[in-house]
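*Asks:* Here's the letter readout for the chains.
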Amino acid sequence: MSRSTTNKAAARRGVRARATLIGLAAVAGVLVPAVPAAAAPAEPTPTPTLTPSPGAVTVTKAGTSFLTSTAIGIGQPVRVAASLGDYLYWSFSASAGQTNAVAITVTLPTGERRHGASTWTVDVFDGLRRRQACTAGAQTPTAGPGDASVALGCTLRTVRPWAEPWSADPLPGTYYVRLSVTELPEEDLGLPIQVELLVNTLEDTDTQLEDGDLKTPLVPATEPGRVVAGAADTPGATPGPGASGRAEELAAGEDDGWFDGWFDGWFDGFTSRWIWTSVGGVLAALAGVVGFGLTRRPRRPVR
Amino acid sequence: MIKLRRSVYVLTGLTVALALPGASPALADEPVTEPPRVELVLDVSGSMRATDIDGRSRISVAQEAFREVVDALPDETHLGIRVLGATYPGNDKKKGCQDTQQIVPVGPVDRARAKGAIAGLRPTGFTPVGLALRAAAEDLGTGGTTRRIVLITDGEDTCAPPDPCDVARELAAQGTHLVVDTLGLAPDEKVRRQLVCIAAATGGTYTAARSVEQLTSRIKQLMDRAKDTYTRTPAIVAGATECAKAPLLTPGVYTDRERFSEHRWYRVAVRPDEELRASVSIALDRPLNRDYGVLLRAVAADGRELVRGTDAGSGRTDVLSAGLRWSATEPDEALDEDADDDEAPVGALAVCLVVSNSFSAPGPVSAQAPGMPIELTIDVVARSPAPNSPGLGRGWLLLGVLTVAGLLTGLLAGWLTRWWVATWRDNR
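First to last, the sequence lines map onto chains P and B.
Mapping the first sequence onto the numbering used here, position 250 (from 1) lands on 250, and the numbers just tick up by one.
Mapping the second sequence onto the numbering used here, position 241 (from 1) lands on 241, and the numbers just tick up by one.
Treat the hints with care, since some could be wrong.
DSS-like mimics (lysine-lysine), calculated; alpha carbons at most 30 Å apart, straight line [said to hold, decoys possible]:
1. K93(B) to K190(B)
2. K115(B) to K245(B)
3. K61(P) to K227(B)
4. K115(B) to K220(B)
5. K227(B) to K94(B)
6. K190(B) to K220(B)
7. K95(B) to K115(B)
8. K61(P) to K220(B)
9. K61(P) to K115(B)
Interface residues of chain B toward chain P, partial, derived using beta-carbon atoms under 8 Å [said to hold, decoys possible]:
10. V196
11. T250
12. G252
13. Y254
14. S261
15. V299
16. R304
17. G315
18. W326
19. T377
20. G395
21. G406
22. W415
Simulated from the structure, these hints should not be mistaken for laboratory data.
Only a predicted model underlies this, so the values are computations on that prediction, with no experimental measurement involved.
The C-beta atom is built at its ideal place from N, Cα and C for all residues, glycine as well.
The following block holds chain P by itself, in its conformation from the complex (with noise of 0.2 Å):
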């Protein structure tokens, strides 16, 4: 319960934010129409270049399993040391309109100690653990066994606002990053290395923001859960009081009003698509009566 509705929290504060920032990101859109953007498709593999937010916190642990994660904002340098073989896991949370990179950098030991190429993955995943695609970045690159350290890059699709429940696309909530080495000499496992990691976005666009809404983000539930009945129950065991009184509350809640239903199918509240079009209404009568007046001829000077 607590947790949901701080998470409506969070997505209410994080829409506020956004709002503060489309004027701006509208702005910056409208003056920067061809961005060099870090994400060029041409390149096979083109690393961003993120750079963290200033007066950010740099974070010196890493989690261990998707349960563990250390969370890390976007922008947040991420500075820590580590063995040879670990899985890393770190968490951040996306919200809609955002395109999100991830840039690893891991130093590896040096010297005689290492006896041969390591093949290193960075792999993304959803609230629901699923795998996400990368649209660009080196994310399984191998390091030559004299290569001082190796680079990983992410750079995830745009998070949509909402998506029928059967798609894997992108969507709002919590992310894991998982930095793990999938081929190496077994002799090279434990070896110390260091690993920087960095978290950023690229583009934050509010075009599909209207277009549907996912009511809760995909953040998952961390606490232990509950079995009500188990397979040893009788039949016909009562259900847990949670339950039960779920189900009063749905009783409680179905009937909204008379009204209720009326508007399905051609209203969905007001939007701003209602703003956007009235201000549209409003600018194009005006500029009817400011044509219609170039055509009229000058007016002759009243004798």
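Use these hints to put chain B onto chain P, whose structure you have.
*Replies:* Relative to the frame of chain P, chain B by itself:
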């Protein structure tokens, strides 16, 4: 202009960082009832005398690291220290392989006493790693939180059976949320294999320590990790072999075990206006054949598949995960088929979830019980209906088009008016 754009990004990053901490999964604040519990298990066998770490003996390096760790230990952490091979100097393997003692009991740490106990250690006997792990698990006791064992050794187990890796897998399967992190001091190939196996079986990590600083910083990091992450342990559940007998789950995190090619069934009550979210992770805790996959399916009570989540992979990894979302297409098409299901809440549909895998292992041993650990996350949230946008537009382009259209209409109207007026005057 580019600067402006960048500042927008930066601002966005800051805003998100400030606005969304409540939504991140790692910040589930819960009143903590149990302290974090860690036990350091140190090998004090004869081989620890070897002087091959920065010109110092392995035992002196370990002792120095322990002293620093004890000094830097967070106050709330309960630390215990167990040694193996510390007392029996003889050659009788039977006696030497029982040689493990707890020199500091698990509890609030008494720094002076702990350091005193560490200073008195002299490399002596055999290396009964398996036995020491079992004893350490007992020392840490049972409870709802994760316990960590940090095993520091330089030599392979000289007392198998029991094989330490089997012991680790057995301890992990007991459902006591035990994680074993291993540290090898100047390890050779056999030691490394063994320690990697122990770490993988319990979801821990393996480090090859080659300097005092590295050993110290790693143990400190593990202590921090123990403090940060020990409370979030999933509930234990046992999936059934068919839908009708499956346990009914509420939102939360669960853990279970699944063997190769096994199907495990669970049920979740989902009301028509709700959306089911489920994800599953299978941990690869043993040596496996190269290619593998996991499948999570949501099935209606009548056997109809609703949605599936799947993932496959190959090569080295820790877990393989899949997830799914499902909600009734139309709330009105309420699936009332389950009205006679007594266990499900009124008006809710019991959706069955089945977890299956396509793992295989090269040898017969690793295919045996216990199964591989699976982690199941269930959430039931409000349904997000399909957007129903009215025929309205938005954006600057729309304003431009409307304005130009208005202008053109105005001009046309003006010209038409002039033409009409002119014609009317002429014909008058």
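*Asks:* Please go over all the hints and tell whether each is borne out by the structure.
*Replies:* Here's how the hints hold up against the structure:
1. K93(B) to K190(B): holds (20 Å)
2. K115(B) to K245(B): violated (55 Å)
3. K61(P) to K227(B): Holds, because 12 Å separates the two Cα atoms, which is no more than 30 Å.
4. K115(B) to K220(B): holds (16 Å)
5. K227(B) to K94(B): Cα-Cα ~38 Å, so violated.
6. K190(B) to K220(B): holds (26 Å)
7. K95(B) to K115(B): holds (27 Å)
8. K61(P) to K220(B): holds (12 Å)
9. K61(P) to K115(B): Given that 30 Å is the threshold and the Cα spacing comes to 27 Å, the pair holds.
10. V196: This hint holds: V196(B) lies near chain P, its Cβ roughly 6 Å from the closest one there, short of 8 Å.
11. T250: Where the cut-off is 8 Å and the nearest Cβ of chain P is about 5 Å from T250(B), the hint holds.
12. G252: OK, holds: G252(B) within 8 Å of chain P, min 2 Å.
13. Y254: holds (5 Å)
14. S261: violated (21 Å)
15. V299: violated (14 Å)
16. R304: violated (14 Å)
17. G315: holds (5 Å)
18. W326: Check passed: Cβ of W326(B) comes within 5 Å of chain P, closer than 8 Å.
19. T377: At about 5 Å, which falls below the 8 Å cut-off, the nearest Cβ of chain P leaves the hint on T377(B) intact, so it holds.
20. G395: holds (7 Å)
21. G406: At about 3 Å, which falls below the 8 Å cut-off, the nearest Cβ of chain P leaves the hint on G406(B) intact, so it holds.
22. W415: At 5 Å from the nearest chain P Cβ, W415(B) passes the 8 Å test, so the hint holds.
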